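Colleague: Chains as they are written, first to last, in the numbering used here: chain G, 3 to 496; chain L, -13 to 236; chain V, 360 to 793.
Treat the hints as calculated values from the structure; they're not laboratory data.
Be aware that one or more of the hints could be misleading.
With a straight-line Cα cutoff of 30 angstroms, these simulated DSBU-like cross-link-like pairs (lysine-lysine) come out [what the hints assert, rightly or not]: (1) Lys311/G - Lys395/G; (2) Lys696/V - Lys469/G; (3) Lys609/V - Lys440/G; (4) Lys440/G - Lys696/V.
Anything over 10 angstroms on all C-beta distances counts as not near chain G; from chain V, calculated [unchecked claim]: (5) Ser369; (6) Ile437; (7) Val461; (8) Leu466; (9) Arg546; (10) Ala567; (11) Ala705; (12) Leu707; (13) Leu708; (14) Ala724; (15) Glu737.
Okay, the calculated bits of chain G under chain V, using three or more residues with CB under 8 angstroms as the criterion [as the list claims (entries may be wrong)]: (16) 408 to 420; (17) 425 to 432; (18) 436 to 449.
These numbers were taken from a predicted model, which means no experiment stands behind them.
C-beta atoms are modelled at their ideal positions from N, C-alpha and C, and glycine is treated no differently.
Letter by letter, the chains look like this.
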Amino acid sequence: MAAVKETVDQVREIDVDQYKYGFVTDIETDKAPKGLNEDIIRFISAKKDEPQWMLDWRLDAYKRWQTMQEPSWARVNYPEIDFQDLYYYAAPKNTEGLKSLDEVDPELLRTYEKLGIPLQEQEILAGVSEENRVHTKVAVDAVFDSVSVATTFKEELKKAGVIFCPISEAVKEYPELVQKYLGSVVPVTDNFYATLNSAVFTDGSFVYIPEGVRCPMELSTYFRINEQNTGQFERTLIIADKGSYVSYLEGCTAPQRDENQLHAAVVELVALEDAEIKYSTVQNWYPGDSEGKGGIYNFVTKRGDCREKNAKISWTQVETGSAITWKYPSCILRGENSVGEFYSIAISNGRQQIDSGTKMIHLGKNTSSRIISKGISAGRSENTYRGLVSAHKKASHARNFTQCDSLLIGDQCGAHTVPYIESKNASAVFEHEATTSKISDDQMFYCRARGIGEEEAVALIVNGFVKDVIQQLPMEFAVEAQKLINISLEGSVG
Amino acid sequence: MLEIKNLHAEVEGNKILRGIDLTIKAGEVHAIMGPNGSGKSTLSYVLAGKDDYEITEGEILFFGEDVLEMEPEERAAVGMFLAMQYPIEIPGVANMTFLKTALNAQRQTRGEPELKTPDFMKRVKELSAKLNVTQEMLRRPLNVGFSGGEKKRNEILQMALLEPKFCVLDETDSGLDIDALRIVSEGVNALRSEERSMLIITHYQRLLDYIVPDVVHVMYQGRIVKSGDKDLALELEEKGYADYTGGAAA
Amino acid sequence: MTLTVVKTPSEEALAALLDGAQAALPGKDFASVRADAVEKFRSEGLPNRRVEEWKYSDLKRVMPKDLSLAGEVSADEISKQMAVVPRLRGLDCDRLVLVNGVFRADLSDLDALQGKVSLTPVSKALEEGAFVLDELEIAKGDRALTLNTALLQDGVIIDVADGVELERPIEILSLMIGGGMATTRNRVSVGKNAKAFILETFVGDEQAYQVNEAIDFRIADGASLSVSRLLSEGVNALHLGSTTAILGEKSHFEHFTMSTGGQFTRNTAFVKFTGEYSDAELFGATIIGRNQHSDQTLLVDHAVPNCNSKEQYRTVMDDKAQGVFQGKIFVRQPAQKTDGQMMSQALLLSEDAAFFNKPELEIFADDVQCAHGATCGELDEDLLFYLRARGIPLDKAKKMLVLAFLAEAVEHVSNDAVVEALEGFIADWLGLDH
Chain G
3 MAAVKETVDQ VREIDVDQYK YGFVTDIETD KAPKGLNEDI IRFISAKKDE PQWMLDWRLD
63 AYKRWQTMQE PSWARVNYPE IDFQDLYYYA APKNTEGLKS LDEVDPELLR TYEKLGIPLQ
123 EQEILAGVSE ENRVHTKVAV DAVFDSVSVA TTFKEELKKA GVIFCPISEA VKEYPELVQK
183 YLGSVVPVTD NFYATLNSAV FTDGSFVYIP EGVRCPMELS TYFRINEQNT GQFERTLIIA
243 DKGSYVSYLE GCTAPQRDEN QLHAAVVELV ALEDAEIKYS TVQNWYPGDS EGKGGIYNFV
303 TKRGDCREKN AKISWTQVET GSAITWKYPS CILRGENSVG EFYSIAISNG RQQIDSGTKM
363 IHLGKNTSSR IISKGISAGR SENTYRGLVS AHKKASHARN FTQCDSLLIG DQCGAHTVPY
423 IESKNASAVF EHEATTSKIS DDQMFYCRAR GIGEEEAVAL IVNGFVKDVI QQLPMEFAVE
483 AQKLINISLE GSVG
Chain L
-13 MLEIKNLHAE VEGNKILRGI DLTIKAGEVH AIMGPNGSGK STLSYVLAGK DDYEITEGEI
47 LFFGEDVLEM EPEERAAVGM FLAMQYPIEI PGVANMTFLK TALNAQRQTR GEPELKTPDF
107 MKRVKELSAK LNVTQEMLRR PLNVGFSGGE KKRNEILQMA LLEPKFCVLD ETDSGLDIDA
167 LRIVSEGVNA LRSEERSMLI ITHYQRLLDY IVPDVVHVMY QGRIVKSGDK DLALELEEKG
227 YADYTGGAAA
Chain V
360 MTLTVVKTPS EEALAALLDG AQAALPGKDF ASVRADAVEK FRSEGLPNRR VEEWKYSDLK
420 RVMPKDLSLA GEVSADEISK QMAVVPRLRG LDCDRLVLVN GVFRADLSDL DALQGKVSLT
480 PVSKALEEGA FVLDELEIAK GDRALTLNTA LLQDGVIIDV ADGVELERPI EILSLMIGGG
540 MATTRNRVSV GKNAKAFILE TFVGDEQAYQ VNEAIDFRIA DGASLSVSRL LSEGVNALHL
600 GSTTAILGEK SHFEHFTMST GGQFTRNTAF VKFTGEYSDA ELFGATIIGR NQHSDQTLLV
660 DHAVPNCNSK EQYRTVMDDK AQGVFQGKIF VRQPAQKTDG QMMSQALLLS EDAAFFNKPE
720 LEIFADDVQC AHGATCGELD EDLLFYLRAR GIPLDKAKKM LVLAFLAEAV EHVSNDAVVE
780 ALEGFIADWL GLDH
């Protein structure tokens, strides 16, 4: 419809290899010396003015990390990362202790303006078409390299009892909540990257929705890597107390650079009784150029814990960026009747490599999960869905439905599906379907016989292919995602 | 309007069309009949520009312009339309979205302004009511889960909306019951005009009771072996194709 | 990454057995091939759950630490066991027999096969330097095959000449008696436009024994081969099976596996298309109980365009049994117009049973239609109720539904007599009258 049209127009205006968000912000930064050791961790902790327990937690993680091996099971290839050749902390100067948005460096504000992220506390306009435009409020936490530079609508949220702040602030302001939940979903030693993150995480968002509260607006965090050779290690912790609801959005971009940059995040979600968390991501880190030069290495551990009965966690992701994506947003379905969902669109073009999927761990009775994954590979990319669905002994009447479709555009790319389905309970019912195909010649001909050009026909059919997932996104994100999908496939036809 | 001269076409080395000559003037409705495998559907696909067919000889002119040089979408934009025997399903793409995208793509190619959403909606509603295409069918993904009759009505809806100058109806009657056949025929007849021509491909004379042609052609082994007025169709219904197939198919 | 191979007692025992056996094994020319395989085993140890392909079938854990080669057995003992072991009976076929890993011409229907096919014992081919391994790329490095090579004793080579259509199935029956380890590799070549039906049967007594068997199928252009494989080993058996099949142009390969026996069974099939317009149909039915473990692993390599493969496996588990299905359709870049359809369905009959399912697609060509499906659950309550409402007792109703579930896989076998025999075999296993 309108969005498709708009997309195609937009695609035409863009040259191949033109990543829209590839600019660099010229701003003075404060950096830690290159490399990783205990002193660097102490430096980060001191920068954040952290209590001793937090530093101890980090140092313990670092000790464990040194004994760990980088995982090699994913279908991604990249040169060995020299973890000593990175900066672990970089922050724009003068971002500490800002009282209001007026105090934020105008250069930073301009950056977010260019990225289309509203840092002003205003209603934003969004909608898929003129007829159903909606006015919504979105609170934004903007993370720039290693620090949060601004968080909007904090006061209004506070009135509703919602805590939404940088995690570095939460460590100081709400230590009892952080101590209770941090590392309770993704243990410190969960995996190589999560352990590294535990040692060196710099910023990210903290959300607490109190009992019975429906969060009055969408919350979002916008991640930007700016500085060269800098790793971003964000940490997000969201707790939805009994009977509460929150919808959280996450977006990410980075400048176009020839070197690879590392991003290793950890996101932990905790949903208590009757609570629901909806977590949406549009990941658009710089993917590298068409020859595979540059781009973000995205190694992310995201996990949600439906800790009590009737809890629900829903992950929706649109993955179009990054040179390497290694990411499996998962749900631990512990509480009885709890529900986990994973909706994913993963698009790879150029030389991108994606190994992504989910884990649905059914531990409690009557738990159910649903996985809808749509992979699109183009160019010379590799796109793998890897997923685990498991029912443990006590997970009576667990249910899973998985639909996993791949679309190939061009004959130089790969699409792979690696599901693990493990059932230790007879009453658990699991269904899994997967297909791989290309856009059929008949569909293309039908569109063209009705006057729709080749590129537009591909856009139309692809949009149809991913529709089930797009529908899961909040509306203001859906439009963005749809545009992004088409831009990502630019140059893949013909 | 349309001139086909000595058209030869092959699929994977098999000669299907072996010298078709056909001229259709503005406002005329022609029907092509013939036994299975005579090349009727191939002719319709060649007119619309499907990839799999190789044109080895001959030409197709539309208002004097060489059609064979045009991409399928260009043919659509200059006003050629093929109502398909087996309309294609496209999951996830709402019928309405498809209609609007197609209409505006054609308008854009012709340098006409986009039809605004309210005007478009009004137009679709009017046409769909006549063709018994429900709102629900407009919302559903294109042709997915449509019955045979629904698919054919949807084809005619597209034809009515896109207002082509020349329409090919490939076995539009197949899979239709009498009521559906009547609705579809009424839809087609409503589109008959001095400026619009049609080529109706069919197996049976039945459809031609509803859409009365000006000229009837018999096609056999990739050639038009006889042409006549509408009575030829009745004759074929009675006697079969035996006179033209050398008695092979009675 | 350097990993030291931990030598468990069973690994030590196996290494000792391999070393000790080398001198007596047939074929001087083959000695170095065996030695390489022994060396490879020493550097890798037994496969375990940390090796992705063996994730659900930990051989290291189940390999016994008392190991020896299977010995010789008397004719009396053989006929006694032949009469009692569960196998397909009453089938009109020509039989070749291996006992404890050694081909027994004296027990085989050589006269009946005379003139129809050419037969050579593997031990003879080894002695003559005429046995060459030409392993498939997709099977290279397979741990079970490495062990098979390291200890290869005997087997039978069957050649069906071009254009020959065999009327009766040939049964290759492997019988184990008195415990110990046996290692065989059979080979069946079906010539151009030839047609054959092979029945593989694996049976044995109740002693603890280990079978490592491999079979290579070479299906020439235009040839058609049907294989039915019955794994009906004794209750304490450990069975490692590896099937490799290479398909020529316009050929047809039908492969059915029935797995019911043994304590621990791992059954792998590697199938490769090397000529266009061929198709392979791979089916399986597994029914296990007690604390049996049965693993069905497949790898189908679409290396050329225009081939179809269809995989359908059904698994039923009772008691504390564990079932595993791993299947991968691999479509290489040139293999356009591939059609690959894989389905794995499982029924869990008991609270303590478990099923592990890993159906994979690995696709590098764009003009393909590939799909896989997997389901796992218990018997349909509505169907059970329907049968009971018609007066059938619960236990019998369950068995009937299980038989029906597996029969859907069995019915793909193209020989009606074999289908009937297999269905009877399942009914016997279930204790159903038929």
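Colleague: Indicate, hint by hint, whether the structure satisfies it.
Modeller: Results for each hint:
With a C-alpha separation of about 18 angstroms, the suggested pair Lys311/G and Lys395/G falls inside the 30 angstroms cut-off, and the hint holds. Among the hinted pairs, Lys696/V with Lys469/G is consistent with the structure: their alpha-carbon atoms are about 27 angstroms apart, no more than 30 angstroms. For the hint linking Lys609/V to Lys440/G, the alpha-carbon distance of about 25 angstroms falls within 30 angstroms, and the restraint holds. For the hint linking Lys440/G to Lys696/V, the alpha-carbon distance of about 11 angstroms falls within 30 angstroms, and the restraint holds.
Here Ser369/V stays apart from chain G, with its beta-carbon at least about 26 angstroms from theirs, past the 10 angstroms limit. The Cβ of Ile437/V lies farther than 10 angstroms from every Cβ of chain G, with a closest approach of about 41 angstroms, so its non-interface assignment holds. Against chain G, the non-interface label of Val461/V holds: every CB pair exceeds 10 angstroms, the least being about 40 angstroms. With a least CB separation of 43 angstroms from chain G, Leu466/V remains clear of the 10 angstroms interface cut-off, as annotated.
The non-interface label for Arg546/V is consistent with chain G: the shortest C-beta to C-beta separation is roughly 33 angstroms, beyond 10 angstroms. For Ala567/V, the requirement that its beta carbon stay farther than 10 angstroms from each beta carbon of chain G is met, with the minimum near 27 angstroms. Distance check on Ala705/V: its Cβ comes as close as 8 angstroms (rounded) to a Cβ of chain G, failing to clear the 10 angstroms threshold; non-interface status is violated. With a least CB separation of 4 angstroms from chain G, Leu707/V falls inside the 10 angstroms interface cut-off, contrary to its annotation.
Under the 10 angstroms C-beta cut-off, the non-interface status given to Leu708/V relative to chain G is violated; the minimum distance is some 7 angstroms. Listed as outside the interface, Ala724/V is inconsistent with that label: its C-beta sits roughly 6 angstroms from the nearest C-beta of chain G, within the 10 angstroms cut-off. Separation of Glu737/V from chain G is inadequate, the least Cβ-Cβ distance of about 5 angstroms not exceeding the 10 angstroms criterion. Residues of the segment 408 to 420 of chain G lying with their CB closer than 8 angstroms to a CB of chain V number 12, which satisfies the three-residue condition for coverage.
Coverage of a stretch by a chain is defined here by at least three residues with a beta carbon nearer than 8 angstroms to that chain's beta carbons; for the segment 425 to 432 of chain G and chain V the count is 8, and the condition holds. Counting residues of the segment 436 to 449 of chain G whose C-beta lies closer than 8 angstroms to any C-beta of chain V gives 5; at least three are required, and the coverage claim holds.
Comparing the model with each numbered hint stated earlier shows that hints 11, 12, 13, 14 and 15 do not hold.
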